[in-house]
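S.K.: If you want the building blocks of each chain, they are given just below.
There are 2 protein chains.
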Amino acid sequence: MIAPGSTHASMAELNRSRIIRLLHLNGVSSRAHIARELSLTPAAITKITAQLIDMGIISETGTLDGIKKRRSIGLKLNESKYRVIGVKFARSIIQIGVFDLGGNLESVQTLPPVNNDDIPGTLEDITVRVNHLLELDPSIVAIGMAVPGPYLRDEGRIAVVTSMIGWQNVNFLDEYEHAFRVPVFIEQDARAGALAQSLFNPNASSNNLAYYLVGEGVGLGLMDHGNLINGEVGAATEIGHISIDVNGEPCECGNRGCLERYCSAVRMHRIIDESGLIDGSASMTHADACLALFSHLGNGDAYDKLLHDLATYVGYGCVMIINAFNPRQIVIGDILSQAGQPLLDTVKQVVAQRVIPTLSESTEILLSDLPADATLSGAAAVAAAQFLEHPTEFVEQQEPPVS
Amino acid sequence: MIAPGSTHASMAELNRSRIIRLLHLNGVSSRAHIARELSLTPAAITKITAQLIDMGIISETGTLDGIKKRRSIGLKLNESKYRVIGVKFARSIIQIGVFDLGGNLESVQTLPPVNNDDIPGTLEDITVRVNHLLELDPSIVAIGMAVPGPYLRDEGRIAVVTSMIGWQNVNFLDEYEHAFRVPVFIEQDARAGALAQSLFNPNASSNNLAYYLVGEGVGLGLMDHGNLINGEVGAATEIGHISIDVNGEPCECGNRGCLERYCSAVRMHRIIDESGLIDGSASMTHADACLALFSHLGNGDAYDKLLHDLATYVGYGCVMIINAFNPRQIVIGDILSQAGQPLLDTVKQVVAQRVIPTLSESTEILLSDLPADATLSGAAAVAAAQFLEHPTEFVEQQEPPVS
Numbered sequence: 001m002i003a004p005g006s007t008h009a010s011m012a013e014l015n016r017s018r019i020i021r022l023l024h025l026n027g028v029s030s031r032a033h034i035a036r037e038l039s040l041t042p043a044a045i046t047k048i049t050a051q052l053i054d055m056g057i058i059s060e061t062g063t064l065d066g067i068k069k070r071r072s073i074g075l076k077l078n079e080s081k082y083r084v085i086g087v088k089f090a091r092s093i094i095q096i097g098v099f100d101l102g103g104n105l106e107s108v109q110t111l112p113p114v115n116n117d118d119i120p121g122t123l124e125d126i127t128v129r130v131n132h133l134l135e136l137d138p139s140i141v142a143i144g145m146a147v148p149g150p151y152l153r154d155e156g157r158i159a160v161v162t163s164m165i166g167w168q169n170v171n172f173l174d175e176y177e178h179a180f181r182v183p184v185f186i187e188q189d190a191r192a193g194a195l196a197q198s199l200f201n202p203n204a205s206s207n208n209l210a211y212y213l214v215g216e217g218v219g220l221g222l223m224d225h226g227n228l229i230n231g232e233v234g235a236a237t238e239i240g241h242i243s244i245d246v247n248g249e250p251c252e253c254g255n256r257g258c259l260e261r262y263c264s265a266v267r268m269h270r271i272i273d274e275s276g277l278i279d280g281s282a283s284m285t286h287a288d289a290c291l292a293l294f295s296h297l298g299n300g301d302a303y304d305k306l307l308h309d310l311a312t313y314v315g316y317g318c319v320m321i322i323n324a325f326n327p328r329q330i331v332i333g334d335i336l337s338q339a340g341q342p343l344l345d346t347v348k349q350v351v352a353q354r355v356i357p358t359l360s361e362s363t364e365i366l367l368s369d370l371p372a373d374a375t376l377s378g379a380a381a382v383a384a385a386q387f388l389e390h391p392t393e394f395v396e397q398q399e400p401p402v403s
Numbered sequence: 001m002i003a004p005g006s007t008h009a010s011m012a013e014l015n016r017s018r019i020i021r022l023l024h025l026n027g028v029s030s031r032a033h034i035a036r037e038l039s040l041t042p043a044a045i046t047k048i049t050a051q052l053i054d055m056g057i058i059s060e061t062g063t064l065d066g067i068k069k070r071r072s073i074g075l076k077l078n079e080s081k082y083r084v085i086g087v088k089f090a091r092s093i094i095q096i097g098v099f100d101l102g103g104n105l106e107s108v109q110t111l112p113p114v115n116n117d118d119i120p121g122t123l124e125d126i127t128v129r130v131n132h133l134l135e136l137d138p139s140i141v142a143i144g145m146a147v148p149g150p151y152l153r154d155e156g157r158i159a160v161v162t163s164m165i166g167w168q169n170v171n172f173l174d175e176y177e178h179a180f181r182v183p184v185f186i187e188q189d190a191r192a193g194a195l196a197q198s199l200f201n202p203n204a205s206s207n208n209l210a211y212y213l214v215g216e217g218v219g220l221g222l223m224d225h226g227n228l229i230n231g232e233v234g235a236a237t238e239i240g241h242i243s244i245d246v247n248g249e250p251c252e253c254g255n256r257g258c259l260e261r262y263c264s265a266v267r268m269h270r271i272i273d274e275s276g277l278i279d280g281s282a283s284m285t286h287a288d289a290c291l292a293l294f295s296h297l298g299n300g301d302a303y304d305k306l307l308h309d310l311a312t313y314v315g316y317g318c319v320m321i322i323n324a325f326n327p328r329q330i331v332i333g334d335i336l337s338q339a340g341q342p343l344l345d346t347v348k349q350v351v352a353q354r355v356i357p358t359l360s361e362s363t364e365i366l367l368s369d370l371p372a373d374a375t376l377s378g379a380a381a382v383a384a385a386q387f388l389e390h391p392t393e394f395v396e397q398q399e400p401p402v403s
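Chains as they are written, first to last, in full-length UniProt numbering: chain A, 1 to 403; chain B, 1 to 403.
Just so you know, not all the hints are guaranteed correct.
No copy labels: a pair is met if it fits in one copy or bridges any two.
As the list claims (entries may be wrong) - Quick list of in silico lysine to any residue cross-link-like pairs, SDA-like style, CA-CA up to 20 Å: (1) Lys348 / Ser39; (2) Lys47 / Pro357; (3) Lys305 / Glu60; (4) Lys348 / Arg256; (5) Lys305 / Gly340; (6) Lys348 / Pro250; (7) Lys348 / Gly254; (8) Lys76 / Leu111; (9) Lys348 / Asn247; (10) Lys47 / Leu152; (11) Lys47 / Leu133; (12) Lys81 / Val108; (13) Lys305 / Gly62.
No lab work stands behind these hints, which were simulated from the structure alone. Source: prediction; values computed, not measured.
With these hints in hand, go ahead and build the complete structure from the sequences.
M.R.: Below is the structure:
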């Protein structure tokens with residue numbers, strides 16, 4: 001419950017956060033421009049920007065040419081003054097990245113591929129590596145982690161992880177909540193990916209955005225009118241476990257014919273192995289086997305057909321996403337998106353055939369073009385979004401704001 | 001774009017709306033209680049409640065026993081002072097109801113069953129009837145309409161209406177936007193139903209709520225953390241057109257194996273006709289044929305099995321809803337919900353078999369028990385919600401608020 005009197009304090013934080021987000025999205029802006037965009041009085045702008053400059057979060061640039069030839073001083077977000085760590089947990093793939101607040105990757109490390117038996121050691125390894133990064137760089141203010149869904153956010157564990165059940169025994173909150181000198185925020189991987197698209201991708205700036213993760217698992221993050229859809233316990237938008245055939249093969253979740261069984265990288269790897277098209281594929285990681293196939297696209301019908309079959313299922317997923325969530329944009333990311341245009345072409349064909357024209361024409365489908373992996377960027381975005389929303393909570397320990 | 005200076009005006013309206021909603025949900029409350037719940041200062045409460053009393057929206061009751069034996073005056077919402085009209089458009093069924101702000105039905109009229117050819121005459125009939133109600137009752141402040149989805153809210157038309165295509169040619173905005181002395185608000189039927197559950201049903205008070213409409217069509221309205229999920233053009237949560245078998249029969253929407261083809265009242269009517277179980281069913285309306293079957297439940301395996309088969313598909317819809325939206329509650333309403341406990345039992349069985357236990361155990365599934373049809377109540381809720389959010393816009397024509 002909010003204590004009486006807190007309304008003013010949180011209103012000030014809200015306005016700080018709105019200014020930071022505006023500068024983050026629009027780049028250098030004058031105080032007058034910010035005042036107009038956010039309907040704030042000049043006096044409020046002067047006060048709040050002075051606080052943010054004192055905190056080192058924003059700074060003044062040179063003068064700008066304004067309307068009617070008036071010149072004014074520009075303000076910009078110091079994106080590189082504070083950093084965040086993102087940790088991506090896929091099934092076998094773990095990556096740790098250091099990002100600035102603009103989503104620019106400064107360093108990345110990939111851990112050795114993980115098997116079920118390696119999980120406890122891997123968790124320990126992550127703690128050691130993250131603590132080392134924190135020691136080296138005092139500008140790191142938060143850590144974001146992206147984990148496969150359905151992630152039960154209050155319990156701290158993943159309810160079901162197909163084809164790598166060991167992860168279900170991990171409690172991420174117990175493991176990491178108090179493990180570091182900075183706070184840790186944990187989010188379902190595709191939801192983190194959606195946040196990354198919304199914060200860091202200038203081509204995906206819609207408020208109604210789907211990030212469709214097609215990697216070792218199949219997941220979805222959905223922003224509807226600017227709100228991430230979470231559900232009661234954080235298990236919403238689990239399209240990997242929506243059935244595309246209620247009489248299909250059983251899945252570990254209890255359902256039958258789950259989408260994830262038809263178009264994950266795990267399934268693609270199995271089909272590649274069965275086809276014999278890629279020498280030595282059986283000993284490759286899932287990602288490497290898929291990338292090896294993609295490198296042969298255009299070199300023969302057998303390769304192209306294999307992708308086309310998988311991409312058709314990716315397309316069925318898009319049809320489902322449109323009917324369930326009607327986003328403005330669907331951004332496809334993770335391993336399968338690296339097949340590029342041939343994947344996108346098939347997906348768009350399926351959508352054109354199976355969706356009401358009004359909706360198929362108004363839904364843009366694109367491939368993620370973030371410089372880093374969208375889930376890794378997403379993990380960073382989870383931390384960056386917390387900073388952008390509550391800047392003083394992260395900074396005031398060092399430099400108290402002017403009140 | 002919001003004009004500078006409007007922040008204060010809308011803050012006052014927001015606080016008026018918060019007080020009205022609190023009284024609507026909690027019943028009689030003291031000023032001190034409202035101040036605590038909403039973190040408002042005593043001075044603000046005194047001023048805003050005085051305005052609302054002047055506007056006739058709330059009034060004082062006798063004294064209440066407070067904590068520490070202090071006595072204070074109660075405030076209550078005058079739910080019956082203002083009324084709204086709700087209009088339900090199903091395929092063949094049109095109903096017009098007059099409700100108070102608490103969702104209590106004061107009068108209802110059902111139009112003759114509609115066929116494709118009758119639609120233009122029916123639209124005119126509705127205008128005449130609604131205008132007559134408005135003449136009789138000056139306390140009516142708004143009209144809500146609930147129409148089948150996918151309803152494209154900016155265009156004012158329904159993108160696809162299975163088994164009754166004539167509705168696709170109607171533009172609801174052109175038809176009704178300026179037809180009456182009070183404003184008209186139009187919403188997809190199941191989303192209106194979700195709003196009705198949230199506003200009017202004390203057993204369905206969760207912020208994470210699904211209203212699952214299984215009637216002549218199949219639809220869904222979804223509230224996630226208090227926000228109705230709309231999508232870019234209002235076409236989200238169209239589960240009737242999510243496929244449960246991507247290789248199934250084609251649907252008018254372009255997709256194959258759409259849920260609506262398996263468990264609508266239209267489909268149930270066809271199966272009843274084919275079974276020969278109900279004498280004269282072919283000449284009945286869809287609703288009457290279903291109700292005739294339900295009246296025989298428990299009287300023989302043939303009747304029970306027919307419901308069980310349909311209810312299994314209703315259950316697959318619930319599995320889809322849980323994986324897509326993870327609501328706290330699913331309220332099933334409209335024609336099929338009138339089958340009662342046997343339907344609910346089968347649905348719960350399917351969910352227990354096909355959903356991760358953590359989620360199936362934490363999702364409550366119930367039948368709508370609103371006194372009126374949930375979509376008709378929903379139409380009224382769409383109008384009532386607008387009133388509760390922006391009270392002065394509806395009242396100030398008559399009695400300007402104290403500024």
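S.K.: Going back to the hint list, which numbers does this structure go against?
M.R.: Hints 1, 2, 3, 8, 10, 11, 13 are the ones this structure does not satisfy, whereas the remaining hints hold.
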